[in-house]
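S.K.: Here's the letter readout for the chains.
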Amino acid sequence: MNAFAAIAWRELRRAWVGGGVMLPVAFFLLVSILFPFAVGPDAKLLGRIAGGVVWSAALLAALMPVERLVGPDVEAGVLDQFAARGLSDAGVALAKTAGHWLGFGPPLMLASVVAAGLLGMDGATLVRVLIGLAIGTPGLAALAVATGALTAGLRGAGAVAGLVMLPLALPLLIFGAGEGPGAVKLLGAVSLLLLAGAPFVAGAAMRMGRG
Amino acid sequence: MTLLAFHNVACDRGGRRLFAGLSFALRAGEAALLTGPNGIGKSSLVRLAAGLSAPAAGRIERGAPAALAGEAAALDLELPLAAALGFWAGLDGTRNRVEPALAAMGIDHLAEVPVRFLSTGQRKRAALARVIASGAGLWLLDEPANGLDTASVAALEAAIDGHRADGGAVLVASHVPVALPNAQDLRL
Numbered sequence: 305m306n307a308f309a310a311i312a313w314r315e316l317r318r319a320w321v322g323g324g325v326m327l328p329v330a331f332f333l334l335v336s337i338l339f340p341f342a343v344g345p346d347a348k349l350l351g352r353i354a355g356g357v358v359w360s361a362a363l364l365a366a367l368m369p370v371e372r373l374v375g376p377d378v379e380a381g382v383l384d385q386f387a388a389r390g391l392s393d394a395g396v397a398l399a400k401t402a403g404h405w406l407g408f409g410p411p412l413m414l415a416s417v418v419a420a421g422l423l424g425m426d427g428a429t430l431v432r433v434l435i436g437l438a439i440g441t442p443g444l445a446a447l448a449v450a451t452g453a454l455t456a457g458l459r460g461a462g463a464v465a466g467l468v469m470l471p472l473a474l475p476l477l478i479f480g481a482g483e484g485p486g487a488v489k490l491l492g493a494v495s496l497l498l499l500a501g502a503p504f505v506a507g508a509a510m511r512m513g514r515g
Numbered sequence: 244m245t246l247l248a249f250h251n252v253a254c255d256r257g258g259r260r261l262f263a264g265l266s267f268a269l270r271a272g273e274a275a276l277l278t279g280p281n282g283i284g285k286s287s288l289v290r291l292a293a294g295l296s297a298p299a300a301g302r303i304e305r306g307a308p309a310a311l312a313g314e315a316a317a318l319d320l321e322l323p324l325a326a327a328l329g330f331w332a333g334l335d336g337t338r339n340r341v342e343p344a345l346a347a348m349g350i351d352h353l354a355e356v357p358v359r360f361l362s363t364g365q366r367k368r369a370a371l372a373r374v375i376a377s378g379a380g381l382w383l384l385d386e387p388a389n390g391l392d393t394a395s396v397a398a399l400e401a402a403i404d405g406h407r408a409d410g411g412a413v414l415v416a417s418h419v420p421v422a423l424p425n426a427q428d429l430r431l
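Which chain is which? The protein sequence lines are A and B, in order. By the working numbering, the letter at position 103 of the first sequence is numbered 407, and the numbering carries on one by one without gaps. By the working numbering, the letter at position 32 of the second sequence is numbered 275, and the numbering carries on one by one without gaps.
No lab work stands behind these hints, which were simulated from the structure alone. Be a bit skeptical, because a hint or two may be false.
For the chain A half of the interface with chain B, some residues (derived, Cβ under 10 angstroms), not all of them [stated by the list, open to error]:
#  : residue
1  : 310
2  : 311
3  : 322
4  : 348
5  : 352
6  : 377
7  : 381
8  : 383
9  : 386
10 : 388
11 : 391
12 : 395
13 : 426
14 : 429
15 : 515
Even for Gly, the Cβ is constructed at its ideal location relative to N, Cα and C.
Between the sequences and the hints, there should be enough to build the whole structure, so can you do that?
M.R.: See the structure below:
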């Protein structure tokens, strides 16, 4: 098995045993359920805002695993071992992103089907949301790994992570919840930009953390 | 063949100069014992040698892949010991070396025990087994004898001797005596 697949697989395995898969999903569903309580049981209104609700919940759920993506590996000396083997930091970050997405994106898409039922979302909107999540979650995963690397070792890293990550994830929210073919294209562009750029940010943060 | 060479290396940490003008070389079969008081830069030197940080001045050359045993064991706590070591051996392409390495450090009977149940000394031995299993020519050991009982120190010394006989080189930073026949004495 090559190094990229081994690191991605390790990330997925640790997410699964460490609650990194189920906790964000549970949190996502919980946030989705909060909205009907807050805005009332008006089915028409809920149906209209359901797409935006799912995206907001997805963004908040993406914050949950940030703290355990990079920090524990710094502490355990795992990143040192990768570096001593001559693996590039950005490559490690990209592999972590791939493994994190596998444990985050698909489960979130499944959970959004459940959330759609709870919010009374119509079929066409659900399809649009699912396509949007499929395009947007890789960017969100890359951003989560970069944020995890930037905040690794900080006290209260989880709270700082929210402040770092949510503003940068705003374009994903805007174009993900937006309608029309233009929004999907811009969502793809933003996601791709994050996916291409964030691993280098994460790699630089990992390198600085070692120095 | 030179496996590790320092040329006039200086090291800064937190804006403070730890050491400067350090030169030495480790050829195949050689060992160096790095000693000095706490905080003088022994661990920083080992990290420089492993390529984890860049020197403030000077040049470092490595002629072989390096295996590092630092203060952290870098083993996944939830995995059985053999599987945790297997992850690194998989990266190094040396899965068949895990079992002999466990035996060399006397922890082969713990192969199926999750790492989180191991004692400090056993984790230290596991980290050394990771280095032994790596197949890397250059071993960089930071305080390898910390937390080890006398039998384990003897096993470590035997492993180092075997590695040097096979043409490897070893850099050991330690404040505990470790027997390294004909080793260079590096005093910071």
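S.K.: Would you mind marking each hint as holding or not holding in the structure?
M.R.: Comparing the hints with the structure gives:
About 6 angstroms separates the beta-carbon of residue 310/A from the nearest beta-carbon of chain B, less than 10 angstroms, and the hint is met. Checking residue 311/A against chain B: minimum C-beta separation of about 8 angstroms stays under 10 angstroms; hint holds. Taking 10 angstroms as the C-beta cut-off, the interface hint given for residue 322/A holds, the closest approach to chain B being about 8 angstroms. Hint on residue 348/A is violated. Least Cβ distance to chain B is approximately 48 angstroms, over the 10 angstroms limit.
The interface hint given for residue 352/A is broken, as the beta carbon of that residue sits about 44 angstroms from the closest beta carbon of chain B, more than 10 angstroms. For residue 377/A, the suggested interface contact is upheld, since its CB lies about 9 angstroms from the closest CB of chain B, less than 10 angstroms. Because the beta carbon of residue 381/A sits about 3 angstroms from the nearest beta carbon in chain B, less than 10 angstroms, this interface hint is met. Taking 10 angstroms as the C-beta cut-off, the interface hint given for residue 383/A holds, the closest approach to chain B being about 9 angstroms.
A least Cβ separation of about 8 angstroms between residue 386/A and chain B falls short of the 10 angstroms threshold, and the interface hint therefore holds. The criterion of a C-beta within 10 angstroms of any C-beta in chain B is met by residue 388/A, whose closest approach is roughly 4 angstroms, and the hint holds. Hint on residue 391/A holds. Least Cβ distance to chain B is approximately 8 angstroms, under the 10 angstroms limit. Using the Cβ-Cβ criterion of 10 angstroms, the hint placing residue 395/A at the interface with chain B is not satisfied: the shortest such distance is roughly 12 angstroms.
Because the closest C-beta pair between residue 426/A and chain B is about 43 angstroms apart, greater than 10 angstroms, the hint is violated. Hint status for residue 429/A: violated, given a least beta-carbon distance of 40 angstroms to chain B, over 10 angstroms. Taking 10 angstroms as the C-beta cut-off, the interface hint given for residue 515/A holds, the closest approach to chain B being about 5 angstroms.
Against the hints set out earlier in the document, violations occur for numbers 4, 5, 12, 13, 14.
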